[in-house]
Amino acid sequence: MKNIDSYGHLRGESLFVDDIITRHDTLFGLVFDSPKAHGKIISVDYTKAEAVKGVIKIFTHKDILGENQIGGIIQDEPLFAENEVHFWGQPIAFIVAESEFIAKKARALINIEIDELPIITTAKEAKEKGSFINPPRSFKSGNTQNSFAECDYVYEGETFSNGQEHLYLETQGSYAVPMENGNIKITSSTQGPTIVQKTVAKVLGVNMHKIEVDVIRLGGAFGGKEDQATAWAVMTALAVQQLKKPVKYILNRHDDLRMTGKRHPYESTFKIGLTKDLKIQAFEVEFLQNSGAAADLSPAIAERTLFHATNSYFIPNVMSTVYSCKTNLPPNTAFRGFGGPQGMFVIESAIAKAANEIGVNKRLIQEANLIAENDEFYYGQIATQVEAQKSWLATKEEFNLKRLEKEVKTFNKENLQFKKGISLMPIAFGISFTNTPMNHARALIHIYQDGSVGVSTGAVEMGQSVNTKMLQVAYNTLGISPLKVKLETTNTTRVANTSPTAASATADLNGKAVLQACNSLIERLKSVACKMLSVTESEIIFKEDQVFVNNKKSDLLWEEVVTQAMLERVALSENAHYATPVIHFDKTKEKGHPFAYHVYGTAITTVTVDCLRGIYEIDAVKITHDFGKSMNLGIDVGQVEGALAQGIGWMTMEEIVYGKNGQLLSNSLSSYKVPDIFSVANKVDIIPLETQGNDMAILKSKAVGEPPLMYGIGTYFAIQDAVAAFNPNYKPKFHSPFTPEKVLISLYEK
Amino acid sequence: MIQFILNNKIIKTSSNSGMTLLDFIREKEQLKGTKIGCREGDCGACTVLVGTLNKNKISYQSITSCIYPLGNANGKHIVTIEGINLTQNLNSVQQSLSENYATQCGFCTPGFVVSLTGYVLRNSKENLNTINDAISGNICRCTGYKSIEKATKEIDEKLIFKDADHQVKWLVDKGFIPDYFTEIPKRLNDIKIQKLNSISGTIVANGTDLYVQFADKLSEENINLIGEESSLKGITFSNKICTIGASTTVTELLENDRLQNIFPKLNSFLKLVSSQQIRNMGTLGGNFVNASPIGDMSIFFLALNSILRINNKNGTTREISFQKFHQDYKKFDLKEGELINSVSFLIPDKNTFFNFEKVSKRSHLDIASVNTAGRINIKNNRISNAYFSLGGVAAIPKFLTKTNDFLNGKTIDTKTIKQAERILQSEISPISDVRGTFNYKRLLAKQLFFAHFIELFPKKIKFQNLFS
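These protein sequences, in sequence, are chains A and B.
Per the working numbering, numbering through the first sequence is continuous, rising by one, with the last residue being 1410.
Per the working numbering, numbering through the second sequence is continuous, rising by one, with the last residue being 492.
Warning: the hint list may mix true and false statements.
[As the list claims (entries may be wrong)] So the derived list for chain A, only partly shown, Cβ under 8 Å to chain B, looks like this: (1) Ser-666; (2) His-669; (3) Leu-1272; (4) Leu-1325.
[Said to hold, decoys possible] Per the computed footprint, the stretches of chain B lying under chain A, defined by three or more beta-carbons under 8 Å from a beta-carbon of chain A, are: (5) 120 to 131; (6) 465 to 471.
Because the hints were derived from the structure by calculation, they are not lab data.
Where is the CB? At the ideal position from N, CA and C, for every residue including glycine.
Assemble the whole structure, with the sequences as input and the hints as a guide.
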């Protein structure tokens, strides 16, 4: 089944926040943000701006009736700066005017005086100065100290992985409308409707029931609208509360780039110990996460970094520590993979370093250490239904790795200006919110009296086709045509207290709730139908819009059963709640079983580097991926391809640059490049791994949103392989992205 | 009064000619299928088609409406996604995208559909455009493009039997476009177009640079549009001289048969310049006066040892060597009331060798870290004249005077080129910025200088000899 939104998308008829019909008296907002990265606000003069014709009001922290606080995990982020600013782009005021154009004119007339304070832009510097978001966390298994002493090889090294701009094509935005009795309805481009609702209520000083948040769909999010869609929604609601008029705010691209956080840059150090048989015996790692100026989701992201510090390898002795370092950058935030990719980059770097020092092919070390059934992940979860080795071997065989390696070798022998490189990248990614209490969802299903069905869930549609999957679950379970089912907007008045659409787990959580709700409805309709047909419940099923008795089509139609159920006053609506069983994690011991299951897979990446110009092409990425029993392979393959391109972008061309003064320099689409059609891999082959699937996954179809992003890490090491083939003096460095600049310099380093 | 046909509707508007077409479409006409992604022509979400009538034949080009002045729509057929939709069914382009799962979040999708429709309306064997060139200016952050590529292959296959002589009718019959398209040429002919006369306004060719920087300011103006000015258009060849009007677009260069013959690799050079949407708008004159030290067209024409003809508003003209035009960072030799009229150069003969190189973080639709062009004339196995230019290494697009002087009279061998490269390094002064550190730019300058010779004289100059 195609994405159910395809038709509207292709005709330009799908609605995003900026497209909905606004009331004619709608006002427009614009943020005035800090032009310095750190300092004391001496004065802000709004008089000239307020005098601009068409400016209605400029809101500051003084206008807040509730709390000036939007922090989630930690209450450390004001909506509007009060006395100090902590990052370039920090919101200070919200200009509301008759048009965006007028608001922009007014913004240019605001005078601010800031007494600048010293700034920190790197994690390392923050650590040296003791600037942290929260105390560090450490996971531990075995005893690394003792183990290193017994290792044949011990190596240390350092890595850096840069941040990454989400570059959702639809920028952040919100439209808030006053309803009666002081209630406010907000249409927001957010992954977390409940987060928006809760935060608006807190800042406005009202109860949550006064605030309705509706989400139609998002034009991309990738984590960037999990926590960071909130501020703009709150500002529009704040203005509505006081002006009693609708207020719309759609960020322009430059403001969005400047004011919002990104994937966290990490500076890390590692120590890896191996025995002669290439078994990794011990691994120590220290992650310095550049969290930015406020916590946002950083502590949770740091935690996931620890969970994925060993990727898909079993290492008996591990000691990992992460510091969330407070700097004067915009608060960094969720981005597909949520700290996992940063963790995996380090272990892959450590293996590459060891391979280079020992003088063996990196893949031999990878292969020797893949996690096996009943091994223990170093945080205590026993690995079951493990597909690490299976996917590795399948990848080698299906794509004939030996031949590929030989081709690379031959090519490199025959060519001087061009060199090829090859790498393997296994992944193991845990599915569930690592914060166990968040693993729940609800679905509200109405069967209308004509037999059509409305489905509401807490899932937000943002291109991943979660609504298509929900529809599949619903119509298959009810046994009716998909045309009878509609996916409603995500709305806090229909499905409340939701977890954000994140962690790849949304289809699982909400799908299970839809399944439960549909099953309950079917039970009730079965009892109606069997009275109508004088048969027992065990004999009938619903299929093809009809009732089947002992697998034979009866004359009884779905609609007729629904009509009869109405007459009998049977409830045709159902609200189901699902909470993931089994999972738990004890933060005092840092041990537990945090994940419902893991997703596995292996990718082979081949690249060609032009050693004259320092540019490169990705020839192919060949993947065996563990989809479980995919419920929609077309959509799931699309997720793999899209995540891969983002992962490759992160590893190659996407380069966030801040000036020494904390100003974002890669501040436009002309200076921050994401992959275009010419820069993705020339060929992407994806083979679904034959597996049983996992019962914790919806219809055994495993989560797919985040895991494949990490295949992109393979590109870094493939380029490195090609560079090494050209330059025997090259000393491998682990400093991503591997831009053409770094490639050229590496090719000619002495 | 600006008049044009928007999809199937006649528009007469007194809006400022400097307003962006995007704002007009979304705000005045409430057509919300055209999306706002970046407002700098770098994402393609706002792509629309511009149909221009020429002798009763209409030709369509894709452009990014966020940096296109409304005034340029005067007398044109503007097509948005809404104007491409069939009443009920998906059109043929949309079907292929749908079948191949080529839409995810949907925000970029209308832009892709419009760009691809531009391709089906325009492609021909002559213009050398591939279907993926058509979407070179469209960014998708969800799909990773592989599904889109599958769809574009399929669309290309559907076009194999396109009837080139009656293509609009053929495309209507095959369900690519709605049938009102067939009436458009006649309806455009019937419009009595008024020339927009706003001499006092800001001079704008097609605005691909000005609108990135000053869209708000320009939207308040009736601007002085020169992009369509016939005296500034056209590519002519006479007496061994090629003359190109300053308002000629990069696409017009790319699609010129004669230039393709003169520069056999023109296509691969110019495909590195921005995206198709921007090439359809960006003019030579605009690139010259933008005066970026890294302007692709400046670098290209510097190496052709070009002459600029400059008009004064009094009707007098003067000619200067292009090498003298750029004086300092963003400073150039154009006085009040002057306008570049054309650029001309000696047509290369069989003893002339020309090459263009560009390296950027992303190979397409990106600003170069370093770009360079070189023209070498050979006489009696020696270099009679060398003209190398280098961008991104100085305050202006750099003409490498000393390097060129050194090369004149020399034979082409590895030792000479290595010596020339050292001279090259002495006349550049790159700085570190978002496009690269100065060390990188120096190294890249060396590499690309060598690349010219490896490309042009593969028998004499070998990669391995330069780097041993």
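How the hints compare with the structure:
no., hint, result
1, Ser-666, "holds, 5 Å"
2, His-669, "holds, 3 Å"
3, Leu-1272, "holds, 6 Å"
4, Leu-1325, "holds, 5 Å"
5, 120 to 131, "holds (count 9)"
6, 465 to 471, "holds (count 3)"
The structure meets every hint from the earlier list without exception.
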